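Work the whole structure out from these sequences, hints included.
Under this note's numbering, the first residue of the sequence shown carries the number 12, and numbering increases by one thereafter.
If you are wondering where the hints come from, they were derived from the structure by calculation, not from laboratory data. Treat the hints with caution; some may be incorrect.
[As the list claims (entries may be wrong)] Each pair of labels, with its calculated beta carbon distance range:
id: 1; residue 1: 46; residue 2: 463; range: 43 to 51 Å
id: 2; residue 1: 315; residue 2: 206; range: 27 to 35 Å
id: 3; residue 1: 317; residue 2: 274; range: 29 to 37 Å
id: 4; residue 1: 204; residue 2: 414; range: 47 to 55 Å
id: 5; residue 1: 323; residue 2: 356; range: 31 to 39 Å
id: 6; residue 1: 409; residue 2: 518; range: 31 to 39 Å
id: 7; residue 1: 46; residue 2: 323; range: 31 to 39 Å
id: 8; residue 1: 380; residue 2: 484; range: 47 to 55 Å
id: 9; residue 1: 213; residue 2: 518; range: 26 to 34 Å
No experiment lies behind these values; they were computed from the predicted model shown. We treat Cβ as the ideally placed atom computed from N, Cα and C, and that holds for glycine.
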Amino acid sequence: MILTQFVRLSTLVAATVIAPVGYAVPAFDTESDLDILNGLPVVTPDNQGVPAIMATLSPPRIALVVPNEPHLLVLQASPTTAAAPAHYRRLVEQSLRSQGTVVLKGSADALYDLKPEWIRVWPQANTIVLTSRMGTRVEGVREPHGNDPIPVVQLMASQIRQALAAERLLRQAAPVGAAARTKRAVLSHATTQDFRKNVDFSIRPTSPTETCTTFGNNLAANTFGRPLTADEQRALSLELGKWCQSGTLSHYQGGSGARAVPHWTYNEKPKLNLLTEWALIRSEDVLRPAQSKHYFWVKSVGEGAGTGFTRSLQDTATFSGNVMHGLMDVAIHGGWGNSYPSDPRSWSYPIGQAHWPDRDPELFGCDDGEFASVCPTGAQVVRLFPSDTFNNQVTVSQATQLAIGGTVGVTGTGSASPALAINASLTVTRTDVTTQSATVNLTSTQTSSARPYSRSTRWRPDVPAVWDYLIARRITGPFGAATPTAATLNPEYDVLWQIPLQPNRDKIMKFSLIYEAGWNNCVREACAGMNPPPDRTIQPQGRVFWQDTVAVDLRS
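What follows is the structure, encoded as structure tokens:
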């Protein structure tokens, strides 16, 4: 039965799902992912019919209107939606306010027209999966690479699973026996009177998407101090979405580079196996409005073997014929504005120059004052990890601590459930980070802070030191144990931007991450450049990149 469902799903969703370039298909837990979707009502928008992705559910419960319960909505951008974007945008908003999980598919521009007003960060993607249960979550699946249903089904199931887990912590247990009468009396008193109270708590999430769930749990505990009713959970979710939103910026599973850096040879051997998440946290200072701000947190997630810039096992760097083959140098460029990776002048490897960088890249429009780029006024980096290398050691981030305080008001408790509302005024009073030291052998890590709207962090092999290491130990063949740049390098990248609220209130800005990898063949301290070296047995350097972009919408 499960196999039948999977075959039907793969066939029927072909026109509904797009997977990103470099997205290697992971193991698909068919039973658990399909089971969590089965039984949910499926909303069919006007003139669109039954979404093919839902036809596999047994049996699909079709709803003509958005129900006030967990459900699924799949919407294909089309001439019909383009003719009435406000109508379909309201449909998406209503679904999210009613515990829906929404899948939008179409061109990036068409999907942006369907973006709910309160969602602040929107991926430049062909398929977007949304939920507002216990914090707004936005996931993007980019770039067509076949019609693969697995990534979107996984995202839908993952969002629902995480929402259920968060709601379970807040759910009111059914009272039993004599204790039930006491508990009912307490809950009755607690839920029929409006109130306002001060809250003060701190959270220490280890990843951006964990932030909003932890934020919501602490907000509930400090506001109510008891299990929540279903109506209170729903009101809390809506209010939480105003203060904390999160999602996925990048998701690569062993994919080769999307494109070659201009003028350099494409090489498929460098691969990226990395999940990078974002969170946008609002901090509002009522007494000093000029101090109100957003924190935009971007962090790569994952530990252990094979995470980061990697390669196939057979492509481990080797030393043979006095040549070091397959040393990687990698970089992560993060910045604001339009990006120009297709322009050779944007990179720090101009024609005729050495293969190592001698200047900062010019990839982002805001750094050059480009008129077409809308830039965040007063934005600054609060922190960035890893630190620069010192004595083969770098400092990396483990967790971020946010201290939060303010007031929360609960109104409409004695009215019908739609009238129940939670309104908060919250300030992030402090941001701290828990760090640890990590050893990165024979590799230099360095971040350039010379540009106001971007940062470039590079990991480069210490080529002469690697050579000396191999000669001293008489190593031949693979030497992946010598340095991460010969095997897998986990960037453990973590950056926190602070964006003032007032000067950026009506702006729509772009933020991009560009991942870069070079594949080097070196003799002593010299490595082949973009042109073939005189020794034709040595290949020229290959250089590739991957890019992901989100819009940050701070309009009121």
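Hints versus structure:
1. 46 <-> 463: 43 to 51 Å: Since residue 46 and residue 463 have Cβ atoms about 50 Å apart, the given range 43 to 51 Å holds.
2. 315 <-> 206: 27 to 35 Å: Cβ of residue 315 to Cβ of residue 206: about 47 Å, so the range 27 to 35 Å is violated.
3. 317 <-> 274: 29 to 37 Å: Holds, at about 31 Å.
4. 204 <-> 414: 47 to 55 Å: Since the Cβ atoms of residue 204 and residue 414 sit about 29 Å apart, the hinted range of 47 to 55 Å is violated.
5. 323 <-> 356: 31 to 39 Å: Distance hint for residue 323, residue 356 holds at roughly 33 Å.
6. 409 <-> 518: 31 to 39 Å: Check passed, 33 Å falls within 31 to 39 Å.
7. 46 <-> 323: 31 to 39 Å: With a Cβ separation near 34 Å, residue 46 and residue 323 satisfy 31 to 39 Å, so the hint holds.
8. 380 <-> 484: 47 to 55 Å: 51 Å, holds
9. 213 <-> 518: 26 to 34 Å: The hinted range 26 to 34 Å holds for residue 213 and residue 518, with Cβ atoms some 30 Å apart.
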